[in-house]
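For reference, the chains in residue letters:
Protein chains: 2
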Amino acid sequence: MHLYEKIKYNDQGLVPAIIQDFSDGKVLMMAWMNEASVKMSLETGFTHFWSRSRKVFWKKGETSGHTQQIKSLSLDCDGDTLLIQVEQKGAACHEGFRSCFFRTTDGTKPELTIQNERLADPEDIYRRRA
Amino acid sequence: MHLYEKIKYNDQGLVPAIIQDFSDGKVLMMAWMNEASVKMSLETGFTHFWSRSRKVFWKKGETSGHTQQIKSLSLDCDGDTLLIQVEQKGAACHEGFRSCFFRTTDGTKPELTIQNERLADPEDIYRRRA
Chain A
1 MHLYEKIKYN DQGLVPAIIQ DFSDGKVLMM AWMNEASVKM SLETGFTHFW
51 SRSRKVFWKK GETSGHTQQI KSLSLDCDGD TLLIQVEQKG AACHEGFRSC
101 FFRTTDGTKP ELTIQNERLA DPEDIYRRRA
Chain B
1001 MHLYEKIKYN DQGLVPAIIQ DFSDGKVLMM AWMNEASVKM SLETGFTHFW
1051 SRSRKVFWKK GETSGHTQQI KSLSLDCDGD TLLIQVEQKG AACHEGFRSC
1101 FFRTTDGTKP ELTIQNERLA DPEDIYRRRA
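Chains as they are written, first to last, in my numbering: chain A, 1 to 130; chain B, 1001 to 1130.
For reference, chain A alone in the conformation it holds in the complex (with noise of 0.2 angstroms):
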């Protein structure tokens, strides 16, 4: 089976990509690659997505510093979503924190709390986007 032709993006051309940490299984965020950066992610070995709101394709960590080796990238049965390991340096979050998934609920009631390491200044990561 062969990726390429797997895939089914949708109709913006796009696909969602869960990425998790290999080392640990901690689900770190999601992000949304097109055609061009699923091959360039696998013929780098490091993630790049699109951003529907910038508009551009990006290298994650490209100016943070926070790159994402890629350990296993997967399918799932309906060919629309990707789960990829990696192995993160730095945080994943734009706000610092290791994963995005930082504010949490035990799933009984809706009031969130932040659960979650912070491992960067979020003040730095914005002035070095800048």
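These are computed hints drawn from the structure, not numbers from a lab.
Heads up, the beta-carbon is just placed ideally off N, CA and C, and yes, glycines get one too.
Treat the hints with care, since some could be wrong.
To be verified - When the alpha-carbon atoms are kept at most 25 angstroms apart in a straight line, the in silico BS3-like pairs for lysine-lysine are as follows:
| no. | chain 1 | residue 1 | chain 2 | residue 2 |
| --- | --- | --- | --- | --- |
| 1 | B | Lys1109 | A | Lys109 |
| 2 | A | Lys109 | B | Lys1008 |
| 3 | B | Lys1006 | A | Lys109 |
| 4 | A | Lys89 | B | Lys1089 |
| 5 | A | Lys71 | A | Lys89 |
| 6 | A | Lys26 | B | Lys1089 |
| 7 | A | Lys59 | B | Lys1109 |
| 8 | A | Lys71 | B | Lys1039 |
| 9 | A | Lys39 | B | Lys1109 |
| 10 | B | Lys1059 | B | Lys1071 |
| 11 | B | Lys1039 | A | Lys109 |
| 12 | B | Lys1039 | A | Lys8 |
| 13 | B | Lys1059 | A | Lys109 |
| 14 | B | Lys1008 | A | Lys26 |
| 15 | A | Lys26 | A | Lys109 |
| 16 | A | Lys26 | B | Lys1071 |
| 17 | A | Lys8 | B | Lys1026 |
| 18 | B | Lys1008 | A | Lys6 |
Stated by the list, open to error - What the simulated footprint calls covered on chain B by chain A, stretch by stretch (three residues with Cβ under 8 angstroms from a Cβ of chain A suffice, anywhere in the stretch; the number is not a length):
| no. | segment |
| --- | --- |
| 19 | 1007-1017 |
| 20 | 1068-1076 |
Fit chain B to the supplied structure of chain A, relying on the hints for placement.
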């Protein structure tokens, strides 16, 4: 922070939900929720989704018995993706695999191989669905 106020649904009124096994961190599937299914999930403690193809609201496992009891629910920094940790009964995938992400590559080449446990006979799942 109130979950219901923080979720940003897309232009179809949906938010993607990543489903992860709380016991070992395995990512099981991704599916879509609308506002009603988010609320029903929290109120009942079991995942409910919105089927984009069938245009129906469904409780995961209602026919197969492969339910997902919610252990935690997290919202990402952008407010547009959920991560839900669950106790999964049986197979998450309708093809009988434990996870929908059963086709995998090491990330260096685009050839996919099947690497997952098949827990249920998919024919049996289809029969019960019909």
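Comparing the hints with the structure gives:
1. For the hint linking B/Lys1109 to A/Lys109, the alpha-carbon distance of about 43 angstroms lies beyond 25 angstroms, and the restraint is violated.
2. The suggested pairing of A/Lys109 with B/Lys1008 holds, with an alpha-carbon distance near 18 angstroms, which does not exceed 25 angstroms.
3. Straight-line distance between C-alpha atoms of B/Lys1006 and A/Lys109 comes to about 14 angstroms, which keeps the hinted pair within the 25 angstroms bound.
4. A threshold of 25 angstroms between alpha carbons decides the hint, and for A/Lys89 with B/Lys1089 the separation of about 34 angstroms lies outside it, so the pair is violated.
5. Between A/Lys71 and A/Lys89, the direct Cα distance comes to roughly 13 angstroms. Compliance with the 25 angstroms bound is thereby established for this hinted pair.
6. For the suggested pair A/Lys26 and B/Lys1089, the alpha carbons sit about 21 angstroms apart, so the restraint of at most 25 angstroms is met.
7. Note on A/Lys59 and B/Lys1109: the hinted pairing holds, with a Cα-Cα distance of about 19 angstroms set against a maximum of 25 angstroms.
8. Annotation: proposed proximity of A/Lys71 to B/Lys1039 is violated, straight-line Cα distance about 36 angstroms (limit 25 angstroms).
9. Among the hinted pairs, A/Lys39 with B/Lys1109 is consistent with the structure: their alpha-carbon atoms are about 10 angstroms apart, no more than 25 angstroms.
10. In summary, the hint linking B/Lys1059 to B/Lys1071 is supported, as the alpha carbons are separated by about 16 angstroms, within the 25 angstroms threshold.
11. Restraint check: the Cα-Cα separation between B/Lys1039 and A/Lys109 comes to about 10 angstroms, which is no more than 25 angstroms; the hinted pair holds.
12. Between B/Lys1039 and A/Lys8 the CA atoms are separated by roughly 29 angstroms; this puts the pair beyond 25 angstroms, and the hint is violated.
13. Pair hint B/Lys1059 plus A/Lys109 holds up; C-alpha atoms about 19 angstroms apart against a cutoff of 25 angstroms.
14. With a C-alpha separation of about 23 angstroms, the suggested pairing of B/Lys1008 with A/Lys26 holds against the 25 angstroms cut-off.
15. At most 25 angstroms may separate the alpha-carbon atoms for a hinted pair to count; A/Lys26 and A/Lys109 meet this at roughly 23 angstroms.
16. As the CA atoms of A/Lys26 and B/Lys1071 are separated by approximately 15 angstroms, the hinted pair is consistent with the 25 angstroms bound.
17. For the hint linking A/Lys8 to B/Lys1026, the alpha-carbon distance of about 23 angstroms falls within 25 angstroms, and the restraint holds.
18. The straight-line distance between the Cα atoms of B/Lys1008 and A/Lys6 is roughly 29 angstroms, outside the 25 angstroms bound, and the hint therefore fails.
19. Given as covered by chain A, the segment 1007-1017 of chain B fails the check, having 1 residues with a CB less than 8 angstroms from a CB of that chain where 3 are the minimum.
20. For a cut-off of 8 angstroms, the count of residues in the segment 1068-1076 of chain B with a CB near a CB of chain A stands at 7, and the three-residue condition holds.
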